[in-house]
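Place chains B and C on chain A using the hints.
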Amino acid sequence: MTSSAVSEPQRYLEARIRWQPLEIAFWLASLLPFWLTPSYLVLASQIAITALFALSLDLILGYAGIVSLGHAAYFGFGSYTAGLIAKWGWGEPITGLAIAAVAAGLLGFLSSFIIARFRHLALIMITLGFGLLLAEAANSASWLTGGADGLQGVRMWELLGVFPFDLYGRAAYAYSLSVLFLAFLLARRLINSPFGLALRGIRERAIRKPAIGAHSAAHIRKIYTIAAVMAGIAGALLAQTTETVSLETLSFQRSADVLVILILGGTGRLYGGIVGASVYMVARDQFSGINPQYWYFWIGLLLIAVVMFLPNGILGGLARFIPRRWRSA
Amino acid sequence: MIASAVGVLFDGFAYGMLLFLLSVGLSVTLGMMNFVNLAHCSFAMLGGYVAVTLTNELRWPFLATLPLAFLAAALVSVAFERLLYRRLYGASDLEQCLLTIGIVFVSVAAAAYAFGTVQQSVTLPSYLRGTVAIAHQSLGVYRLFLIGVSLLITVALVAALEYTRFGAQVRAAVDNQRMARGLGIDVGRVFAITFALGSGLAGLGGALAVEIVGLDHAFAFTYLVYVLIVVAVGGLGSIGGSFAAATVLGISDMAGKYYFPELGAFLIYFVMITLLIWRPGGLIGRR
Amino acid sequence: MSTPALSTRGLGKSFGSLVVANDINVELPRGERYALIGPNGAGKTTLINLITGMLKPDRGQIFLGPDEITSLAPAQRVRRGLVRTFQINTLFPHLNALEAVALAVCERLGCAGQWWRKLPSYGEAIEEAHAILLSLQLGSICYRATHELAYGQQRLLEIALALATNPKVLLLDEPAAGVPQAESAELFSVIAGLSETITVLFIEHDMNVVFRFARRIIVMIGGRILLQGTPQEIAADKRVREVYLGARHHA
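Line by line, the protein sequences give chains A, B and C.
Quick note on our numbering: the first sequence kicks off at 64 and runs consecutively.
Quick note on our numbering: the second sequence kicks off at -15 and runs consecutively.
Quick note on our numbering: the third sequence kicks off at 2 and runs consecutively.
Chain A extracted, bound-state conformation (with noise of 0.2 Å):
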């Protein structure tokens, strides 16, 4: 049994984590906005960059279940860090983009000490100040912030050299949708990986993992920076198509509003956050007429109603209907 064929069990893992046909629609689907609905292009790379952080944070709750209501800290991070770059003369996007994914990472890093030493409500709680912190500190060192007039003067450059960042959002769509798809493709690659079946391990019996040697305080700092990264790498792709960067970003809002779409779409699916995001914006483009307040009335009621009655979120209900086989995690 020593060939070099491969075996029954290695077939079996592989056939799990084969490309399924419904996939590959859907990111061919992903394409049709720019034929189907060329006006909402904005939209689209909106949607794009909002899905990329709730697979961030996928990534650290669906996957290792820590619990972060601060997530936003890093995603405001790459803004702010890549809206700043161009401010000070450097509006090449791609580059700019790379320093703000190693700024939002090295934050993510050092916090990862501090987080992966805490459970439960120490770990939400030490979440959601740093969150609150971070926004604070922005909010203060207005000088380098602008506060809370927001990032101003930030200009881009074309993309590639090539495509300008324009108002009808081609270039904004294109840019956001690739960087989700090569983020997408290294979020799968990773959850498919022995490390990926390490955090889905911690998710499950972190108190197993001590007995089979398991390096779980290590395993969650990786994972955390990268879902960082993730994150930063969002923000700073928010900063450079819309030229701007705002507070908003490092609020507790946009915290809060990340977990409801990922919980929306369903964790630790890969495809959650992308499903939620996709949702929760269309829906809230559609009812923008609405005051503010009730639509955080209607989303107080979902949350209520998803974690009493669908506790798997969207596509956990509609994993039901799916054939066994082609079920992954």
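Please keep in mind that the hints were generated in silico from the structure rather than gathered at the bench.
Note that the coordinates shown come from a computational prediction; the quantities given were computed from them, not determined experimentally.
Beta carbons: idealized from backbone N, C-alpha and C, even for Gly.
Wrong hints could be hidden among the right ones.
[Stated by the list, open to error] Example chain A residues on the side facing chain C (calculated, C-beta under 8 Å, incomplete):
hint, residue
1, Tyr75
2, Leu76
3, Glu77
4, Ile80
5, Gln83
6, Arg252
7, Leu253
8, Phe258
9, Ala261
10, Arg263
11, Gly264
12, Glu267
13, Ala281
14, Lys285
Just chains B and C, lined up with the frame of chain A:
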């Protein structure tokens, strides 16, 4: 604003007492059931709006509105506990978080709808207004009243906990739920009553808060953060811990606003995170 | 005499005035099959918790082979070959059996932190996981999610996870707990069939199983070791009969 350290201390202590009333219920119920109730301050907000409506619309005397604020919050919390919370006692942190955040959203929106987004105020009777001179210090009468009420309640709580049978049951349930059940204590009932009491106290705190910090539709969230800080820093399930943490937080927040206004709330969050890292179980906590 | 695989010297632990472990001296020679018996509350699981590091002792030392491990963290002890299973299942409910064991193998091989290659490409780890499952008669269910397995299979999976760490010493805390009598004999014959390079200590209440599979027995009462010896010696001892065997007499 009294321009002296004693004045800051006094105002800070009064603020701390207010935070204590708002937080003590959450601390005990969290310690007992580990149920993450982020909607705790929604009950406080309810108490506040009850007081506002009664004094302004119905011209009730302020003091009479306080028991009603307590009752209203307690009763509404019982309804929530029966209908929703009860089903999630064994659920994950995330689910409890989400449910209660949802309730906060709904309550904030409902408050905005019913009362608008403006700051509310209560009509105080004349004997609670103004200042009184004690030992060369000019101290606010209302704040003295607030401190008095809070200390009375604290003493009552501690006495009830130490000397009544129910108090003993509460202590047992906080200490070790499984053991308590094993001893025949109806933990569910103990929790329901404690929860109602804690929410009622929050409602009372909300009513008392209007004069000090104002009341608007976002109260349920604004003060949630402070309450969580008090609870986390003071330690779950500890009345003494909540008292200490609330006092420290009240005084430092007041001092911070007075002496370092540019820092804003930054200092508070920073202190909280540092304290939590150093003592994850809270100052006097157990877990 | 060669160094014992596992030994403790003067191990002690109290919670306030409650003494849960008192001067525990144990020596497990390599490859032996030891049973740890005693009434409920005797401190058997506590002893395992102390040995594995989940509980910190007040006094005493623990040795794995020649090395002292008293101050090591549980995960470190596992990596050195000291592994335990739990009395109550602490498995990963939504991982399937193959994934669970593969995870344990990956942790041991140090590749559990690698995220850039997909899991199926780690042929060696998967093969090993599969082989372990086959050796415990779990081959037919290895693709089923853990929470869907029968209880006896779950208990075997607990052992599979322990085996995946390539243990030198295996501590089994009531491996057949909750398993119907017929299956427990089967479970124990699997345990008995484990490689001689592994030293096994198991906690058990069923005296039939104990006398059949253990080569030596340790009796604990009230946090102390009352007696150690061969099954015959233990069965013949008057104190043991009075305190423990007397109430549940097996012919």
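Taking the hints in turn, this is what the structure says about them:
1. Tyr75: holds (6 Å)
2. Leu76: holds (4 Å)
3. Glu77: Since the shortest Cβ distance to chain C is 4 Å, the answer is holds.
4. Ile80: Interface hint status for Ile80 (chain A): holds (6 Å vs cutoff 8 Å).
5. Gln83: violated (15 Å)
6. Arg252: holds (6 Å)
7. Leu253: holds (4 Å)
8. Phe258: Where the cut-off is 8 Å and the nearest Cβ of chain C is about 4 Å from Phe258 (chain A), the hint holds.
9. Ala261: At about 4 Å, which falls below the 8 Å cut-off, the nearest Cβ of chain C leaves the hint on Ala261 (chain A) intact, so it holds.
10. Arg263: holds (6 Å)
11. Gly264: With Cβ-Cβ at 5 Å, under 8 Å, it holds.
12. Glu267: Cβ of Glu267 (chain A) sits 4 Å from chain C, so the hint holds.
13. Ala281: holds (7 Å)
14. Lys285: Where the cut-off is 8 Å and the nearest Cβ of chain C is about 7 Å from Lys285 (chain A), the hint holds.
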